[in-house]
Every structure is written in structure tokens, then in C-alpha cells.
Amino acid sequence: KLHSDLDKGVGTVKYTLSGDGAGTVFTIDETTGDIHAIRSLDREEKPFYTLRAQAVDVDTKKPLEPESEFIIKVQDINDNEPKFLDGPYVASVPEMSPVGAYVLQVKATDADDPTYGNSARVVYSILQGQPYFSIDPKTGVIRTALPNMDREVKEQYQVLIQAKDMGGQLGGLAGTTTVNITLTDVNDNPPRFPKSIFHLKVPETSLVGSAIGRIRAVDPDFGKNAEIEYNIVPGDGGNLFDITTDQNTQEGVIKLKKPLDFETKKVYTFKVEASNLHLDHRFHSVGPFKDTATVKINVLDMDEPPVFSKPMYTMEVYEDTPVGTIIGAVTAQDLDAGSSSVRYFIDWKSDVDSYFTIDATEGTIATNELLDRESTAQYNFSIIASKVSNPLLTSKVNVIINVLDVNEFPPEISVPYETSVCENAKPGQVIQTITAVDKDLSPAGQRFSFRLTAEASTKPNFTVHDYRNNTAGIETRRNDYNRRQQELYFLPVVIEDSSYPVQSSTNTMTIRVCRCDSDGTILSCNVEAIFLPVGLSTGALIAILLCIVILLVIVVLYVALRRQKKKDTLMTSKEDIRDNVIHYDDEGGGEEDTQAFDIGALRNPKVIEDNKIRRDIKPDTLRFPRQRPTAEDNTDIRNFINQRLQENDVDPAAPPYDSLATYAYEGNGSVAESLSSIDSLTTEADQDYDYLSDWGPRFKILADMFGEEESYNPDKVT
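One point on numbering: in this note's numbering, the residue at position 340 of the sequence shown is 459, and numbering is uninterrupted.
No lab work stands behind these hints, which were simulated from the structure alone.
Note that the structure is a prediction, hence the values are computed from the model and not measured.
Please note: incorrect hints may appear among the correct ones.
[Said to hold, decoys possible] Distance condition first, Cα-Cα at most 20 angstroms in a straight line; then the derived EDC-like pairs of lysine to aspartate or glutamate:
no., residue 1, residue 2
1, 578, 599
2, 120, 205
3, 133, 205
4, 390, 422
5, 578, 606
6, 202, 153
7, 429, 466
8, 192, 255
9, 343, 365
10, 133, 184
11, 192, 214
[Stated by the list, open to error] Okay, the calculated beta carbon distance ranges per label pair:
no., residue 1, residue 2, range
12, 533, 509, 58 to 66 angstroms
13, 645, 598, 17 to 25 angstroms
14, 509, 443, 29 to 37 angstroms
15, 303, 257, 42 to 50 angstroms
16, 257, 217, 21 to 29 angstroms
17, 671, 756, 45 to 53 angstroms
18, 311, 515, 20 to 28 angstroms
19, 511, 443, 53 to 61 angstroms
20, 764, 669, 56 to 64 angstroms
21, 399, 515, 21 to 29 angstroms
22, 454, 533, 53 to 61 angstroms
23, 204, 342, 30 to 38 angstroms
24, 585, 466, 46 to 54 angstroms
Beta carbons are placed, not taken as given, at the ideal position from N, Cα and C, and that holds for glycine.
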């Protein structure tokens, strides 16, 4: 309520209100000055309002007093319940935790004024989740209330938490939230086998390394706490098997380490231990975290292929051994209860050339070809053994045959076979060191001996000095070797080996006498060089040879140009006016060659060859064209030919008769005759063109044209 001291209560004063919320939230009675709230107020929305009031004269409208400012504060009431802004909550705590283990802290917020009354004082309590958990009423911290809670018994818990204001008194407002609590796993349970013995049946043909069975121990823990390691306890049969852990199923996978044999042992028994990999020291007192079970494996009898006595056979045979010689044998047995006979044969893929054969019953291997160590020193092939009772069951073994060397090749001198000696060599001088090679496989300690033949050893020129280390030296026995007297010496050297039987060969060394300087450097080995002038150098000799070669080339070119010019003169003549003469550079077969050229065009036009038969076709019926009257002689052509014949007869450089050119002149007496109608002595009606069809495919179209013209004649009366 506002009141001015100047207000006498007679209605001369008017009160006005302005400021925050004036007219919308608050209103004032202009006469009495009473301030009223015209709508409900919310402290949480706006806790206070600042207003200004003034007393004004009604008549003059002038302020009676200065404007006054005042604040209206909204007093809080408990109209907001506590709220969990972060709920619902999710928490976890390890299983087997002690009482009072911290789980989670929850917090509720009350929008009421915490400075006025108990409207914002919140108290926490558990509505659901006891007796497993407890909560601090003031802080909201949730803790475990029971010891040894087991995840394997119950893993999930849902706790309902209440927050109430007014300090939890009656009439206070409350809010709730849910806390989902999960017990996390700890390794508090050892693995356990569900049964004490496991029975497995395994075929004896199982492959080494293959899985033959699975066993499983149960661990109620989770994750890494449930990881199990399996081990075979040393004992009966444990060395034949191995066990690993399947990481996906935590099963123990038993694998075979060695082959099984039903005939050797039928049953294997051993123990398997299952233990945890990750142990928790807090639970060691509970007991050992492992368990043991017995595994019994029964081996099943299977029909197996034969078994060779060795994994591989190695044999030896001398080269050139006669065909059919037995060099060894292989053995395979059927180890099954009902033993079956075995048959042997060579795998043809490994012995394509069939160098060996094998006895199908005994397994003995013999040569089928003569062997040559120098060609092939070792043979590697496979032998297959199969059971007679079941040929599909086979086994294979490799056989290696080494071909032993026989001393069949004599030793020979290794390169070079030629050497040289200086004219000024002194007696006892070594001019060449030689070694020997042998195509045979030289045994350890093989020795080669060198000597001259009996005939050569008596000559006073050269000798061979055997150094007894498989080398020898060619030595001179005199001095003053002269190229003019003898340029080459041939020295036969005999080489023997130390193998049995002893092989020897005679190798001829060629020794060339050369001119050398005082240091023994070879200057020349050509005997022709002896007769050259003393002062002529090598460069001068090369220059002379080049000059000789150039002169020879010039002479050859000159002769060739002369012959070419003469040939052109014979073939070209200013008086030769024949434009259609063709020249062929080939030679005829002589006078008896009547098929090489057709010289009918050069014959007398009046003389026409009787019974002329075409060479390109073989007519069924010989038909001859109708003879034409002989035209007037072509004297100009005859005179031209006769003139040329006379010129060639008297010319010694004229070509032979067989290479005369054929003149392409189609005149009177031509074999083909003229196809033109000019100068024809007969009329068109008298023409008979049937002979055109006998001239072959080249005249077929012409024959058809004239044949149709003859068949269609409107003037002809039939």
C-alpha cells in the first residue's frame, strides 16, 4: 500500500505505478494506493520486481512528492519436487565385493529457494533394491549392503532411488530415478570337466596333425576369466597326442602327433588338465583353479596300403652293366590283420624312358637299358606298391640309383695342343706346361703320368718332364732351332691314368719355331717372313698389300665396264625399228628343244601347220577351222627378216640361234588367224563359228556371242 502525507482522504491525490511488471503483473488503486497482483507469481521464473510510484495532484497533474522506487520480492513456497537430471543411471561393481563398496553417487536438484525454509533440502532413500545396496541420505552415495554377491547367481540389479525435499518430512515433494547395477566378473570359479572320462574313437589312417576329438571344461566366469588352457599330463600315450585350445569355444582340441597303428596298439589312455590362464590372488584360498579328466582313445582298424621297409631306397650300379642285371630290391608289407600280397610297379611318370624294370612279385629292380654315367649320373624314380586284395590302396617310395663310373675313357691333354719355341732357346728350357683331363669320374687320388713315345724319346729335340702332380713340362733338349730348316715339330705325348683298367692316349703337341728377341718375346712365327728384306717394317708390308688389292679392283671394274658396253652395243641399233620385240635372257635347250619357243611366226606364212592342236586345252573332238584363202605375200616382212638373218650370220658376236627373239607378227598364215571381218572373202552367212568353242576358256564369251547370233536369224527359213 502506498500513501502520501499530503493525501487528506478527500480525493485530491492520485497514485501512479511504473516499472518492472507495472500494468501486467501488478496494478495500483489510484485513489487508495493499494497495490494488487493481477496474476500468479513464480519465484523460479522471476524472484523480484523493481517498481516506481508517485503521488500526483488530481487537478494540476503535478507531482506532490518525488518519485519513489521500491522492490517487490516474491516469497518462495515448496512448489518444485527434486529432479534427477542425469537419471536413469548405469553402474557396475565387481562381484564378491565387501559390504560398503562404492557403487555410484546420484544427485537430485530442487528448484525451490534453498535459503528460505526446507523447500530445497533433499533427503535420499532406496525404495527398491534392498537389502543388496544402501544409499547415504545426504550425499546420495550408493554402496553394497551384502557381502559376496555372486555374478554367476545374479548379474543385474535395478535400484529405485527417491529424493524428497522438506528434509524428508511429511508433505514434502519427491522425485525418483532408476539405477541399473551390473556385477562385473572376477575369476572366482575354476574350470570343471562335466565328466571324469572322455571316450574317443580314431581311425588308424588319421593324418598326423589332424584333429581327432574335442573335450570341454566348463567355467562359469566370463571373458578372460573363463579362458582355459589344456595340457596333457605325461603318461601312457601322451607323446602321440597334443591338445590346443579353441579360442572361440574354449574347447580342448586333441590332435595327432604321430601315426597310429591298430596292429601295434589299439587303446591309448592319458589325462588332460584344464586350468585358468588369468588367476585372481584374492581367491587362491578357494582351491586350485584347475581340473583333470581322463581321455581314452580307441584306435579303429582300417584297410591300409602297403608299408615300405624304408622311407627311401638308394642303390648303385656300374655304367655299361648288361641289360637285365638286378641292382637291388624294395620291400613293402601289408600290416593289416588279414595280410594281403603286394604287387610292385614303377611310376611311369618318373621313368619315362624305361631305364629300369621291377619284378611285380619280388620287388627286384633290374636295368632295362645300358647306362652311361657321362650322360646321366643319377636316376630318381618312384615305385608304387598296391595290395592284391584292394588295388586302390597304394603307397609310393622314391628310389635313387647312382651310376658308378667305369674307367672307359683315356685321359687327354687339356688345351692348348699347340705351343711355340724360340730359335734362340737354350737346352732344358720349359716352353709349355701341360695338364690332363679325363671324361671319367676321377676317384680321389687320381694320378696322371706323362711320357714320350719310344720313337720320340730318341730324338734330340724335345722331352717331357713329369712333375708327378698331374702336370708336366715340355722342355728343349738342344739350342739353335732354325725356322728355315724346320718350322714345325710334332711331339707325341703319352698320358696314362691310375684307375683300373689303366687307360692311356697319345696326344700330339705341335711346336712352332718362332723368332724372338733376347727376352724371349715372340716377334714372328711365319716362315715367309724370313725371305722379306731386312729393313722392311710391318707397316710397309701392309701398304704394299693394300696397293696390290686396289690395282686388282681397278682392273676388275675396267673389264666389267668393257663387257657391259659391248653387250649394250649388240642389243641396241639405230636401224632397229621393231617396237614389239621382247628380249628374254635365258638360254634354249639346243636344236632338239622344240618346246621352249614357238617359232611358227617366223616360218613361211604360206605354209600352215597341219593338224595344229592347242596346247592349253585337250579337246574331245578335233575340229579344224575353215581354211581361208592365202592372202598376198607380205614381202616387206620377209625382206626385213632375211636382212637381219644375213647380218647375224656374218657377225661373230651375234647371239646363238636358240636365243633369237620371236617377232610378234600376226600376218598371213598365222595360227590364230585374223578375227577381223575386213578383207573377208566369204559373207557373214557363210561363217561357221563352232570352232571358237574348241579354243578353250579364253574364247568362251566370243563363242557364245557368235553362237547366239547364228541361232537367232530372222531371215533364215527353216
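Hint by hint, here is what the structure shows:
1. Straight-line distance between C-alpha atoms of residue 578 and residue 599 comes to about 15 angstroms, which keeps the hinted pair within the 20 angstroms bound.
2. With a C-alpha separation of about 46 angstroms, the suggested pairing of residue 120 with residue 205 is violated against the 20 angstroms cut-off.
3. Note on residue 133 and residue 205: the hinted pairing is violated, with a Cα-Cα distance of about 54 angstroms set against a maximum of 20 angstroms.
4. The straight-line distance between the Cα atoms of residue 390 and residue 422 is roughly 30 angstroms, outside the 20 angstroms bound, and the hint therefore fails.
5. With a C-alpha separation of about 16 angstroms, the suggested pairing of residue 578 with residue 606 holds against the 20 angstroms cut-off.
6. For the given pair, residue 202 sits about 39 angstroms from residue 153 by alpha-carbon distance, which is inconsistent with the 20 angstroms threshold.
7. Our distance criterion of 20 angstroms between C-alpha atoms is met by residue 429 and residue 466, whose separation comes to about 18 angstroms.
8. Distance hint between residue 192 and residue 255 is unfulfilled; the C-alpha atoms sit about 35 angstroms from each other, more than 20 angstroms.
9. A C-alpha spacing of about 14 angstroms is found between residue 343 and residue 365, which places the hinted pair at or below 20 angstroms, so the restraint holds.
10. Distance restraint check for residue 133 and residue 184: the Cα-Cα separation of roughly 11 angstroms lies within the 20 angstroms cut-off, and the hinted pair is therefore satisfied.
11. For a cut-off of 20 angstroms, the pair hint linking residue 192 to residue 214 is broken: about 54 angstroms separates their Cα positions.
12. With their beta carbons about 60 angstroms apart, residue 533 and residue 509 fall inside the hinted range of 58 to 66 angstroms.
13. Take residue 645 and residue 598: their Cβ atoms lie about 22 angstroms apart, and the range 17 to 25 angstroms holds.
14. A C-beta distance of roughly 32 angstroms is found between residue 509 and residue 443, which places it inside the suggested range of 29 to 37 angstroms.
15. The hint said 42 to 50 angstroms for the Cβ distance between residue 303 and residue 257, and at roughly 28 angstroms that hint is violated.
16. Remark: the range hint 21 to 29 angstroms for residue 257 to residue 217 is upheld by a beta-carbon distance near 23 angstroms.
17. Taking the beta carbon of each, residue 671 and residue 756 are about 50 angstroms apart, inside 45 to 53 angstroms as hinted.
18. Restraint check, residue 311 to residue 515: a C-beta distance of roughly 48 angstroms breaks the suggested window 20 to 28 angstroms.
19. Taken as a hint, the range 53 to 61 angstroms is violated for the pair residue 511 and residue 443, whose Cβ atoms sit roughly 32 angstroms apart.
20. In this structure the supplied range 56 to 64 angstroms is violated for residue 764 paired with residue 669, their Cβ-Cβ distance being about 47 angstroms.
21. A hinted range of 21 to 29 angstroms for the beta carbons of residue 399 and residue 515 is inconsistent with their spacing of about 56 angstroms.
22. Judged by the Cβ atoms, the range 53 to 61 angstroms given for residue 454 and residue 533 holds: they are separated by roughly 57 angstroms.
23. The given range of 30 to 38 angstroms is respected by residue 204 and residue 342, whose C-beta atoms sit roughly 33 angstroms from each other.
24. Range check, residue 585 to residue 466: Cβ separation about 51 angstroms, and the 46 to 54 angstroms hint holds.
When held up to the earlier numbered hints, the structure conflicts with 2, 3, 4, 6, 8, 11, 15, 18, 19, 20, 21 and fits the remainder.
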